[in-house]
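Listed in order, the protein sequences are those of chains A and B. Letter by letter, the first sequence follows residues 1 to 532 in this note's numbering. Letter by letter, the second sequence follows residues 1 to 139 in this note's numbering.
Bear in mind the hints are in silico, worked out from the structure with no lab data behind them. Even glycine gets a Cβ: it sits at the ideal position worked out from N, Cα and C. Be careful, since some hints might not be right.
[As the list claims (entries may be wrong)] Taking CB as the label site, the calculated pair distances span:
| id | chain 1 | residue 1 | chain 2 | residue 2 | range |
| --- | --- | --- | --- | --- | --- |
| 1 | A | Arg520 | B | Lys83 | 51 to 57 Å |
| 2 | B | Arg99 | A | Phe531 | 40 to 46 Å |
| 3 | B | Lys83 | A | Pro500 | 48 to 54 Å |
| 4 | B | Asp86 | A | Gly524 | 34 to 40 Å |
| 5 | A | Arg286 | B | Met70 | 25 to 31 Å |
| 6 | B | Met70 | A | Asp517 | 26 to 32 Å |
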Amino acid sequence: MKLNSERPITTISGHPVKELYTPQDLTGFDPDRDLGLPGDFPFTRGVYPNMYRGRLWTMRQFAGFGTAEDTNERFKYLLREGQTGLSVAFDYPTLLGYDSDNPLSQGEVGQCGVAIDSLADMEALFDGIRLDQVTTSMTTNAPASIIWSMYLAAAEKQGVHWENLSGTIQNDILKEYIAQKTYIYPPRPAMRIVTDIISFATRHVPRWNTVSISGYHIREAGSTAIQELAFTLRDGIEYVDYCVRAGLQVDEFAPRLSFFFDIHNDFFEEIAKLRAARRIWARVMRDRFHARNPHSLLCRIHSQTAGVSLTAQQPYNNVIRVALQALAAVLGGTQSLHTNSLDETLGLPTQDSVRLALRTQQIIAHESGVTATVDPLGGSYLIESLTNEMESACLDYFRRIDEMGGMIESIERGFPQREIQEASYRYSRALERKEKLIVGMNEFVAQEESPVEVLAIDGQVAARQCAKLERLRALRDCARVRENLSALKKAAQSPDNLIPFILDCVRSYATLGEMCDTLRTVFGEYQEPAFF
Amino acid sequence: MSEKKIRVLVAKPGLDGHDRGAKVIARALRDAGMEVIYTGLRQTPEQIVHAALQEDVDAIGLSILSGAHMHLFPRIIDLLHEKKMDDVLVFAGGIIPERDTARLKEIGIAEIFPPGSSLQEIVDFVKTHLLRDFESSIL
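One chain only, chain A, in its complex shape (with noise of 0.2 Å):
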């Protein structure tokens, strides 16, 4: 096959590559400032010194459906299987504030994920795993406070001490409104909850990670890679400065601040991605918020690899994609890790996919020997070109968001979503010319595939669930219910930090859907202006 020489060539984002870098590409470029040590400033080459020598990557694989009960069997199986951290997917009612028999949960209950109604469905979730023996990650955003404060209930009922407990909760609003749409409160109140569930957990929870700040959301919408770097990182200096403006100080909450990105195909590019991240983040906390606990100064990161590049033409190709997109997150020196699912465009994963993606990691930290040697791919030419790029063009947009008074301004003016927007109709063009090859998909098609086997959802979850909701309202002290509830309305109107008043709604087993519909009646909904 013949490349087209005439066009430029370009990463997958559209970003050029020259064909060949060398000395003359590192002008200007200081190895002291802007590389350091592996686990010095500005932790361009990683945030530890001897990063998977010390501890390797948590393997974390997003895990639910079904009920808790069928989800907690599958978390069983991973932990037995060597996984070493859970990752807890969500239904969508689980993730708007609606129970599962709210008419517009039909057809939705366990299907992406697991229902989650009340604490007895946390409770359910994680029977016979201790709470402090394990790391759990739970994407939930826009009612975070709710699921959170059911899972430190869960803990307080196995007698566990929250002071114990370690996780994260991605609770990053902001990608909401940008890209995931998972939303249900307008962005200034969603903003104070985020605030509120910082400071309750530095007081609290300290081990706890308090935001994921998520690119990976951004990514699948159909950003470019530096459209990703740019609108995270910018994300994260939003929570930072309403955490500060409400009072916080910023070394006692950004250590526990977190990032999720995405890794897709480009491995190249994707690797300088988190490069760059590390170092913008450095500088960030340092300069613009004079952040002294050097733990503040950390970009932590969780990946995933693209959801989006698997193809559901020859699913088996997806093997392949999603272990050259692991490795690239290992050699950019990613803390955590999932892989997806060769099955993923078709449904959610079996059993047997799921081990498939997890045994990827295991092979590429145990026999790729890419593990021996901190950041190995530092000093290519190349790639600190690549990592010089992208933090540059990545300014660029913070200059554009500054100048529009920050990001809940630019999101409200549709700026991020529109950018995004558009990069995702250039690539599905450039898809559709031929310009960028995808396997199986545009080009190498077969003439017959051969099918693979999807995951059912249970057709009785929907009816399990609800039957369980109607006998938790039978049993629940009612009276209790609603005090806490009314209780938790008149926090929602005052200044008061709203976990405290939560977590006692949730002790009374009140449910998800009545807890985000009495947030409702002060916050409002948000309503996206639909435009294309």
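Model the placement of chain B on the given structure of chain A, informed by the hints.
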């Protein structure tokens, strides 16, 4: 010249927020000369059919990635039937496993486009299927 453009409603039923595909398709159909209306997210079957009626569309493109299609699509088709809108072309895309395709076609979804379908293919599909009604204006 009295050119009547094909009118298409691109709709997002279900609770998922994955609007990348819907927006790309909306744009591609518009670039191909059609009038496109996009509903925005989290639309109930009632809202979608209401919008289709109000906008007097010739076709509805449904995009869903939440897994609720087997619940929501039949409801949309029933409502269209109730409103005597059976002549509206309905096509769909998103995460829809092959095992559901036959059933969905049976109830009246004209085509299901899996991830990775070409934009041109979808544009051509809509044009071809509506050509009968629009022959004079499109050609």
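Each hint, compared with the structure:
1. A:Arg520 x B:Lys83: 51 to 57 Å: 31 Å, violated
2. B:Arg99 x A:Phe531: 40 to 46 Å: 35 Å, violated
3. B:Lys83 x A:Pro500: 48 to 54 Å: 50 Å, holds
4. B:Asp86 x A:Gly524: 34 to 40 Å: About 39 Å separates the Cβ atoms of B:Asp86 and A:Gly524, which means 34 to 40 Å holds.
5. A:Arg286 x B:Met70: 25 to 31 Å: Given about 53 Å between the Cβ atoms, the range is violated.
6. B:Met70 x A:Asp517: 26 to 32 Å: Hint holds: Cβ distance 28 Å, inside 26 to 32 Å.
Hints 1, 2 and 5 from the list above are not met by this structure, while the remaining hints are.
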